[in-house]
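Participant: Sequence:
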Amino acid sequence: RLEEAVLEAWGDRSKGGVSHACGHASVGHCRRVVYTDGVAEMYGDTTRPDFAGMEGGEDASFDVLFCFDENGKPTGAVVNIPCPSQVMEATYKVSSDYMGRLRELTQERFGESFRTLCQVAPAGDQSPRDLTRPGTTVPLWGPEGVEILANRLMRAIDAVYPDVERTIDYDAALSHAVSSLALPRRRASYQEYRAASETVDRLEAIQSLQDAYADFCEETHATETILNRPGPYDNKLCHFGEVMNNKAVIARYEDQDEQPNYEFELHVLRVGNVVFATNPFELFLEYGQRIRARSRAAGTFLVQLCGDCGGYLPTPRAEQLGGYGGLIVNGRVGPDGGALLVDATVDRINAIVSTDEGKA
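This note's numbering numbers the first residue of the sequence shown as 2 and each following residue consecutively.
Treat the hints with care, since some could be wrong.
For each label pair, taking beta carbons as the anchor points, the in silico distance ranges come out as [stated by the list, open to error]: (1) C218 - E264: 30 to 40 Å; (2) G143 - R2: 29 to 39 Å; (3) L341 - G143: 37 to 47 Å; (4) G308 - D13: 57 to 67 Å; (5) E199 - P140: 37 to 47 Å; (6) E113 - S355: 32 to 42 Å; (7) L8 - R116: 51 to 61 Å.
What the hints contain is simulated information worked out from the structure, not anything from laboratory work. Think of the CB as a built atom: it goes at the ideal place given N, C-alpha and C, for glycine as much as any other residue.
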């Protein structure tokens, strides 16, 4: 069915133009909390007296590429936002979240036939709520937050649209490059392996893995019933979580020499003066900022978790501080691979920007 859809779209193509803009709307915020003991925790409690600050930064910018028909009528847009669409992440509802609502709002604004493709830019350490203002986060765990963020983005899109409408490129370059990339897997040291083995033995002597999992499920469901308690409801520091985290270290140590690299496809697509580049990770914000700053494209649309699932790719600080998102169990590649990914992506972006191949 996908093949048929692609062929149909290609067969129905007609003359059109594109126009890019960068807008600003506060959506994503760092979700990794750091404490004075040098440990980080995703969605940690910022009201604790030992709260030392957030691990990383945030980015209120987003990129949008509008498409127009030959008469200048807007037909669609690609919106690239450095924040996952997960306001509703702690519910049992299947939801397209704030991105789904944004698609509805753009249709209301530009017409029923208007189509919006939303992308998540590197945002592995981001979420749609500001943990340093805990009194403001409750609505952003439910449907009210979906409306708040979608309308905030829609207002920002409306603000840049007059400039977009005046700068339509009907002779845009179009080219695509794909390459295979092999990054070193994050390695476990012998000391980490020994410590993990001892920890697993100690924890399983206290409680079996099966019983620990049953307790984890019971605790999670009990937390869900606390009145006015927002998510997340699972305790990643529980007995079961600690066993699984350490088992992952053991598994990595045992197979890392046989499988030293993680391989995937890197796609770079040029459309006019903007470039799209993919990666398969929940890539921490910093890496996206580094790529975008060095890119020579007018607009750089980076798309995470695309083509495969390589797990989280943390920064050096996140790896040092640990916690969910910064552990071996959470991803295949570490910060050394992240630096290589940045360089490889920048090289391919700037190469495709520097050529006139694909000019219509």
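Participant: Evaluate each hint against the coordinates.
Facilitator: Results for each hint:
1. At roughly 35 Å, the beta-carbon separation of C218 and E264 lies within the given 30 to 40 Å, and the hint holds.
2. Between G143 and R2 the beta carbon distance is about 34 Å. The supplied range of 29 to 39 Å therefore holds.
3. Roughly 40 Å separates the CB atoms of L341 and G143, a value that falls within the hinted 37 to 47 Å.
4. At about 26 Å, the beta-carbon gap between G308 and D13 misses the expected band of 57 to 67 Å.
5. Our hint of 37 to 47 Å for E199 and P140 holds, since their Cβ atoms are close to 45 Å apart.
6. Roughly 40 Å separates the CB atoms of E113 and S355, a value that falls within the hinted 32 to 42 Å.
7. The hint said 51 to 61 Å for the Cβ distance between L8 and R116, and at roughly 18 Å that hint is violated.
Violated hints for the displayed structure, listed by number in ascending order: 4, 7.
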